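Number of protein chains: 4
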Amino acid sequence: MVRVAVIGGTGYTALEVMRLLQRHPQAEVTVVTSRSETGPVASVHPSLTSLVDVSFTSPTTDEIAENADVAFCCLPHKASMDSIPSLLSAGLKVVDLSADYRLNDPAVYEKWYGHVHTDPTRLGNTVYGLPELNGDRIKGRDLIANPGCYTSTSILALAPFVSRGIVNCESIIIDAKSGVSGAGRTPKVATLYAECNESMSAYAIGSHRHTPEIEQVLSDVSGRKVEVIFTPHLAPMDRGIFATIYADLTKKVTEAAAMEILRKFYAGKPFVRVVSHLPKTKDVAYTNFCDITVRIVRGRLIVLAVLDNMIKGAAGVAIQNFNLMCGFNETTALL
Amino acid sequence: MVRVAVIGGTGYTALEVMRLLQRHPQAEVTVVTSRSETGPVASVHPSLTSLVDVSFTSPTTDEIAENADVAFCCLPHKASMDSIPSLLSAGLKVVDLSADYRLNDPAVYEKWYGHVHTDPTRLGNTVYGLPELNGDRIKGRDLIANPGCYTSTSILALAPFVSRGIVNCESIIIDAKSGVSGAGRTPKVATLYAECNESMSAYAIGSHRHTPEIEQVLSDVSGRKVEVIFTPHLAPMDRGIFATIYADLTKKVTEAAAMEILRKFYAGKPFVRVVSHLPKTKDVAYTNFCDITVRIVRGRLIVLAVLDNMIKGAAGVAIQNFNLMCGFNETTALL
Amino acid sequence: MVRVAVIGGTGYTALEVMRLLQRHPQAEVTVVTSRSETGPVASVHPSLTSLVDVSFTSPTTDEIAENADVAFCCLPHKASMDSIPSLLSAGLKVVDLSADYRLNDPAVYEKWYGHVHTDPTRLGNTVYGLPELNGDRIKGRDLIANPGCYTSTSILALAPFVSRGIVNCESIIIDAKSGVSGAGRTPKVATLYAECNESMSAYAIGSHRHTPEIEQVLSDVSGRKVEVIFTPHLAPMDRGIFATIYADLTKKVTEAAAMEILRKFYAGKPFVRVVSHLPKTKDVAYTNFCDITVRIVRGRLIVLAVLDNMIKGAAGVAIQNFNLMCGFNETTALL
Amino acid sequence: MVRVAVIGGTGYTALEVMRLLQRHPQAEVTVVTSRSETGPVASVHPSLTSLVDVSFTSPTTDEIAENADVAFCCLPHKASMDSIPSLLSAGLKVVDLSADYRLNDPAVYEKWYGHVHTDPTRLGNTVYGLPELNGDRIKGRDLIANPGCYTSTSILALAPFVSRGIVNCESIIIDAKSGVSGAGRTPKVATLYAECNESMSAYAIGSHRHTPEIEQVLSDVSGRKVEVIFTPHLAPMDRGIFATIYADLTKKVTEAAAMEILRKFYAGKPFVRVVSHLPKTKDVAYTNFCDITVRIVRGRLIVLAVLDNMIKGAAGVAIQNFNLMCGFNETTALL
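Protein chains in written order, with numbering that gives the first Met the number 0: chain Z, 0 to 334; chain U, 0 to 334; chain E, 0 to 334; chain D, 0 to 334.
Bear in mind the hints are in silico, worked out from the structure with no lab data behind them. Possibly wrong hints are sitting among the right ones.
Any copy will do: because identical chains look the same in the list, a pair fits if it lies in one copy or spans two.
As the list claims (entries may be wrong) - 30 Å max Cα-Cα, derived DSS-like pairs, lysine-lysine:
{"#": "1", "residue 1": "K187", "residue 2": "K224"}
{"#": "2", "residue 1": "K110", "residue 2": "K268"}
{"#": "3", "residue 1": "K110", "residue 2": "K251"}
{"#": "4", "residue 1": "K187", "residue 2": "K251"}
{"#": "5", "residue 1": "K250", "residue 2": "K110"}
{"#": "6", "residue 1": "K77", "residue 2": "K138"}
{"#": "7", "residue 1": "K187", "residue 2": "K263"}
The structure displayed is predicted, hence computed values, not measured ones.
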């Protein structure tokens, strides 16, 4: 039984990690940390009543290492890189759900996050935790950078095509619609029910921090510099990301051929479902699936992808990475 | 043209007061106060762009009195009674949307609100602003206590029956369901979209502050002490209150007779619609209507009433009171 | 491996049964019937893509019996009792998710459903499938009447108290709020998104068919005739039932004592969580839990209970019954 | 007082036309037709109780002409062109809310709607009722083709830029998100609450019938052939369209210059608000406003526009057209 510590246990991703892990036959949550809370985990997350019998604590790294083998780090960026080096030194394996170890270049990190990276030597050496691309490299690793929710959706939709060199790498437009849970559990006017309900809005146009992440991975996959226009929207729903992606083709491709490219790319990948119908976020709600399809309209490629931002976009893929790191079946606790 | 000051202009009720007033041919918003904001009102309330061309200011009472004739006080309770005496002294008429002047007895106020009332002589002399009950007394007054949203729904549903003496005054159960906008614009975890969506919950069971207000008015109407069980619920919707009210009858009444009691009581009242079908909150969304019907089940009375908590439950009835205070047609700006 | 037939596979409860069963290590869906559909199950239920690889068929009873050991009957009432006798004769065990075998008395059935019961001898001999009350009697049975969603919520909330004889059996009021999925997948104006969104409504006041079911089981539990006022509401959410239940006490009971009654009654029951906080439907979304708490207000009992109408209210409890019928662990596939 | 007939009064656009008209001091609804309903209008549309006191009838054209001066035709396409010629012959002015008179070319109509146009001589002579473009031509006309909801949003966003010749007319991508009310009141599985809630989806990619309408008007405005990629999405909300529009620029334009182009184009237009912030559909809910802003990202133009699909996208603009046709103030009943 692998003992798991959840670092920063009050937010929504931590909740989902714990909810999924209680189904895992080879894992057990033993430590849940918080700087603000001290009672039972279920006092903050009532849905975990009778499922997670741990209380929030504020332990030292050594105390964590005594009681856990693997840490899911659910801290905000910056706080995450302040904690992770010592967790690794103490012998823990770490899945980092923050953005701190996703980018390879400290200068890019500083530009988009507004502060210096304090653990730069690990950048570039940390595996980006998208198992459909990097599965083999994740096995046995000590630190995995769990991808962003918009990022996973965008990359899973585009990788099959950019890796083939059939899309113009400067033409990509990602119009993404997310549920509100992605904005987290910290109270803000903008995420109040009365603000979001019956409202669709766009935000962070041209400036969302998932942009360099998408570009880095797609550039790696394609071998060319990829620049995207990424427009995130807030949709009046709890969960789900819907990405509608437009790209110019470098050569004529039929819809059937485009579908075949998707099918081949994801053959044997249990959590990507290439579908011929138009997917809906509800089809993947509360699952670790990403459903993808493709259309050709007036000679241009339109890829449509959906996932649950809390599961395949955060906690689910974290468990998938955990399974690979620990040598478990990739799908354990996720079907 | 009556010049209107909105005191405390950043919240949802203030927004609705301004939205409705811009349709009013005899009123003009000239002052909107805020302690936290300084820019144009539309910078906080973008829906008012091009409709309200005033900026937030933090004026003295004298400055308000120079520029306005009537004040809609949208402050929280306590802050309201700190401001209203001087507004009245400066010659303004005031519609108070807080709870500070609704209760007649300072001791009851202190018990439910947890602090001493600092303007106790006005309690008992202030007219409770429910025009369907107190219309004649509202005309020409200087200070009106605008009722609570749950209160209006409950009283409008019950007054016809308790005034007739046909319900057991100790048997009343009010099971009320409210949209989330009633909880206001201050960010809290409990009113985040991701918490409220797909969730029904109850709160403040046996302790909600609208309880003494309902009991006071119904006791006045019936001439007997009325005690209610009031259970508020939060429903996953923006606007609307649905009250399902149960009471024992003191004598046998048919459904037809009960309907007739409602119809007679509200004859000539433009904003209460007695309907034979079961009403829905959506039927009254964005209107100043309260729709009511009644059923008899196994000898007991079930009254169902709906209104828009932001309009008939707050800003709309405030305009209705304003119309009566100023001698305008009761329905101006409200149909 | 138990082979399962889903009879009537196009609706929402069938979808949930199949979704849950694919997690069951000892069960396999082999037959899914439909009179209207013929393609893959996933063509109607895209969320089951890659999870359920069966196509809709329209087999004879014998063909079903050749390919399956247990049938989950997801037909509407009437259609259900037309099919079940032959399924039983052919040797299948049956969990009936319709209302056809829930009531003991054919006359009561005829009164509430408007047609004669065509298999009356089984009424009264069929076990009502509420495992928390009837767990021992469910084991090994061939036919289980799976309870209604409102019914389960109401009975689980009230059984601990009526069985103790501490509530007045004629005073019970059940004010229940349900998500819209409970209304099924047949298109009707009343359940369109544009009708239900931002709308709370009541329906079937005094005439909902779950009323006699609640009364029958509570009368059995209490040994006295129980009559309830049951008011169902439609809430703008997909899933969840919230029941707020009011009853007069026959003797003075403290809140602590009432909580203790709940805790004792449900000790060792894995799917009822007695909680001290006020529960929300979201706490139990996508789970087989029913969360219950109790309050005493002005001497009266208020019990609050929530469950997911699709899981603990339908498909989840059906699996729980299936587990008991087949001798599996009660919680298999449900945690 | 202008007497108004609503032809086809059971749907949502008819409801909104009637709701808005009851605020109009110079108009009165005298006839509401239906082939299926016969009772009071409020029996189908309970929100109109006490506001619209007319019953559904099924009159001849002559009977309509005796009792009304102007007809709002809310029939589906095809049914609309079957009725309108005789309404015009009988001397009525007509605002047609269907698609039947929007396209200029009968061949294009036949291609997209799948049947021959039976009144082709009026195509090309009917004014397209977008008052911000065609206001002067609408005045005094007898027949106006009221635009589609997606169409208005898209054209209002793009016209200022294509008319200047600064966008590449083959590069335009319109990613539009609509509330579900746009799908109408006819029951379908796809628009059930339980299907749409918590779900974002795309539909009719490359084949939506508003495509030729957008292209026709933008081609007229620009003097060049415009071809767009138009991707409609269904968002889990009742009302509102959010259009995110991408286009390549033919020359370098700053964001400030792009904003200035918008401001100049809509100077003096009361229902288009050019805003500097990112608009939300909620900002325009229940109003006749279209809020628009623009961004330049990586050299490309992104225009964002929102409106209420039921008001500015259908019934509101119909009243705006009616006002212009009849010589009333353009904003009457709409602010």
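Evaluation of the provided hints:
Neither within a single protomer nor between protomers do K187 and K224 lie at most 30 Å apart by alpha-carbon distance, with minima of 37 Å and 43 Å respectively. Taking identical chains as interchangeable, the C-alpha atoms of K110 and K268 are never at most 30 Å apart, the minima being 35 Å within one chain and 41 Å between chains. For the identical chains of this complex, K110 and K251 are inter-copy neighbours only, at 25 Å across copies versus 38 Å inside a copy, given an alpha-carbon limit of 30 Å. In this homomeric assembly, K187 and K251 never come within 30 Å of each other (Cα to Cα): the closest approach is 47 Å inside a single copy and 37 Å across copies.
When the C-alpha separation of K250 and K110 is checked against a cutoff of 30 Å, the pair qualifies only between copies, where the shortest distance is 29 Å, while the shortest distance within a copy is 35 Å. With identical chains, the CA atoms of K77 and K138 are at most 30 Å apart within one copy only, with a shortest distance of 26 Å there and 55 Å across copies. For the homomeric pair K187 and K263, neither the shortest alpha-carbon distance inside one copy (43 Å) nor that between copies (35 Å) is at most 30 Å.
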